[in-house]
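Chemist: Letter by letter, the chains look like this.
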Amino acid sequence: MKTPRISIATFWRALAGIAVTVPAALLFGASPASAHPMPHSVVLLDVHETSVTAQLELPVGELGRASGIDLSTVGAAELPAAAMRSYLGAHVKATTVQGQAWTVTIGALSLSQSEQTATGPYRELVAQAVLTPPAGGDVRHFALDYDVIVHQVVTHVVLVSVRQDWAAGRVGQAGSQVGAIRIDARSMTVPPLTVDLGGGSAWRGLLAMVRLGGNHILTGTDHLLFLLILLLPAPLRAAGGRWRGLAGARTAVGRIGRTTLAFTVGHSVALALSAFVHLAIPSWPVEAFIAASILVGAAHAIRPIFPGREAVVAGVFGLGHGMAFSFVLAEMQLSTGRLALSLLGFNLGIELVQTLLVALALPVLLVLARLRAQPALRVGAALLTASAATGWLVDRLGLPNPVARVADSAGSHTTPMLVGLAGAALAAVAWRIRTALGERAAPAAPAPVEREVATAAR
Amino acid sequence: VPTGAPPSGGPGGGGLNYGSGIYFLAFLGTPSTTGTWQLHFGGHHLAVNITFKDGKVVGSTPFFIGVEPSSFTTDSVTYQPLSIMRDGMLKLTGSLTTAQQAEAKLTESFGDVLLGPGQDGNFPTTKEGVKVSELSPQQKKLVLAAIHPWVASVDDATAKMLMKSYEKELDQTYVAYSGGLGLDTQGDYVRIDGPGVWVEFICQNGIVFQSQIHFHTVYRDHTRDYGGEFSF
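Protein chains in written order, with my numbering: chain A, 1 to 458; chain B, 1 to 232.
Chain A with its partners taken away, still in its complex shape (with noise of 0.2 angstroms):
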């Protein structure tokens, strides 16, 4: 008997197959045979509290075949907006589970370049949409009725994802995908696209963005940069414009904390402020001065600038990290009640890993502080951080360089940075265990260090 439609298995594996190869992956079991494919369209779906946006990614050359309209060499001043919104207009629906149409309405469309697996570089047509469903309206249960070019280019394939979903939890990664749309070619129609995104709650948003702000810490190594180099001197007296001995570990302890609260203090005030008061400031500047930022943290490290001032410099400093922060957040779009939520849970990541952080940094500062060799590697770290903080503040103004690239790599490698941390730590607080141990069994004679530590003191 013939059964009505391809297997769900072989539907799935033809999937995955135009993502990467069109014609021919499946065509036969064993040792797929390979064709380049043709640009699929990409639909990104944003799914919100009362409405979803979608993103749509469109190659013009389809796109202009389809309808009519051909965008293969247009200025981004001349696009026909109007008639490629009503284009785009008569083929974006969206109806409930009942059969409800939604509201659509084509916002911002612009050109771009792009280039898939294989395909070679295009271009392509970037279209907003927003998709309202009737009043209380389910945005997670619907069927997206879509044929933007597949009704006339029958052969064009859509891969529909969702990209961003807060009541899912699914924010700040790569787009999950949801389905294709492509004609069913036995009845040469198109089928709407169930989309079905389970259930969602406040709960899984705010541990989501929980994550978020953790991840973004990690990741975002001239945040932690500062703080760091900031601290690197904590342990250290500063006297006649250098660094001189030892502060006393109670000092030094107690400056961190400080220190580590104004920051927290300081990004926490802008991140809430920019973000519930929608400052539309461009990224760059603050980008740079939080490079600046770093810098001044780096010449601090070297000869003290503001000793016992590192607090209320990390407080002033921090508003601009915050300001930074709440870029992500504003790209979010989120309503209101969900921004609060975000705001929570996002600062409440940072501070988790920013805790740890410095937790962990701790006992390696008391303890490179003691050493022989610390003008050496407090100068060595400091000039290290200067360079990156050099790179960032001039990729920042606009001239892209390998240092910055560089210090933005590290950022990728999280796991062996904070492995290399905790092994600091744990070798810090041995070493401290061993003289320790080492002062209690010979009173009388000073520890090397002590002595050089009191030499430099002199």
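There could be a bad hint or two in this list.
Quick list of simulated restraints, FRET-style, between CB atoms [said to hold, decoys possible]:
id	chain 1	residue 1	chain 2	residue 2	range
1	B	Met161	A	Met188	26 to 34 angstroms
2	B	Gln212	A	Met188	24 to 32 angstroms
3	B	Pro137	A	Pro192	40 to 48 angstroms
4	A	Met188	B	Ser83	39 to 47 angstroms
5	A	Met188	B	Pro137	50 to 58 angstroms
From the structure, some residues in chain B lie toward chain A, with a derived Cβ separation under 7 angstroms [as the list claims (entries may be wrong)]:
id	residue
6	Glu108
7	Ser109
8	Phe110
9	Gly111
10	Asp112
11	Leu114
12	Gln119
13	Asn122
14	Pro124
15	Thr125
Note that these hints are calculated values from the structure, not bench results. Just so it is clear, CB atoms sit at the ideal spot from N, CA and C, and this is done for glycine as well.
Following the hints, complete the assembly by docking chain B onto the known chain A.
Modeler: What follows is chain B alone, placed relative to chain A:
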């Protein structure tokens, strides 16, 4: 012996790259003169599937073949591997009268073959284009001649049997096209769809040679794909 839905195979190889080192030979089932088994050979722009039953070929499809560039010169010899297929199609469509052309013209556009990978068994329920029964005896011969290069990839005896069957079904066969009739521009497309035969020929934009088009083609059989061993 395979029955029911096609089994899932390994990932195979070849992918999107070219090279004689990335064409693969595979067997489905155990080659024998008594059982049912399938021979697959393919790589980029090629998929040959021949199904054997009791020592005889019972299916020589699906057969996908394409080429880029469509013409190339090596050691001052020019090769146009698919020109025999293209020329056959051109002779057929070139013979159509204006009225027949209008009937054969499809409203939809194509960027690739319709029944490529993952589309097993998805033949359109309604055949489109001009019915071969309306064509002259001379034109009917051109339809058979156009199909022949794809059918001829298998052994002569099987090809002869297949051609005979397609000839018998000619009156229920349709010829359709989309785009232009020159088969020299992206989107130019010809299809022959009968009770058995299904052939598609499409001009696609260039990938490696972006300034020229290249060809994708597929030959299927409504009842004999994979020897009719699978249901879809």
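Chemist: All hints are to be evaluated individually against the structure, with a verdict given for each.
Modeler: Hint check results:
Met161/B and Met188/A have their C-beta atoms about 31 angstroms apart, which keeps the hinted 26 to 34 angstroms range intact. Take Gln212/B and Met188/A: their Cβ atoms lie about 30 angstroms apart, and the range 24 to 32 angstroms holds. One distance hint, 40 to 48 angstroms for the beta-carbon pair Pro137/B and Pro192/A, holds here, with the actual separation near 47 angstroms. The hint said 39 to 47 angstroms for the Cβ distance between Met188/A and Ser83/B, and at roughly 31 angstroms that hint is violated.
Checked against the hint of 50 to 58 angstroms, the pair Met188/A and Pro137/B fails, with Cβ atoms roughly 31 angstroms apart. At a threshold of 7 angstroms, the smallest CB-CB gap from Glu108/B to chain A is about 5 angstroms, leaving the interface hint in force. With 7 angstroms as the threshold, the beta carbon of Ser109/B comes within range of chain A, its nearest partner Cβ sitting at about 5 angstroms, so the hint holds. The beta carbon of Phe110/B comes within 5 angstroms of a beta carbon in chain A, closer than 7 angstroms, and the hint placing it at the interface holds.
A cut of 7 angstroms between beta carbons decides the hint on Gly111/B: the least distance to chain A is about 4 angstroms, and the hint holds. Restraint check, Asp112/B versus chain A: the minimum CB separation of about 4 angstroms is within 7 angstroms; hint holds. Given hint, Leu114/B at the interface with chain A, holds; its Cβ is 6 angstroms from that chain's nearest Cβ, closer than 7 angstroms. Hint status for Gln119/B relative to chain A: holds, with the closest Cβ pair at about 6 angstroms, below 7 angstroms.
Using the Cβ-Cβ criterion of 7 angstroms, the hint placing Asn122/B at the interface with chain A is satisfied: the shortest such distance is roughly 4 angstroms. At its closest, the beta carbon of Pro124/B sits 5 angstroms from a beta carbon of chain A; the interface hint therefore holds under the 7 angstroms criterion. Because the closest C-beta pair between Thr125/B and chain A is about 5 angstroms apart, less than 7 angstroms, the hint holds.
In this structure, the hints that do not hold are numbers 4 and 5, in rising order.
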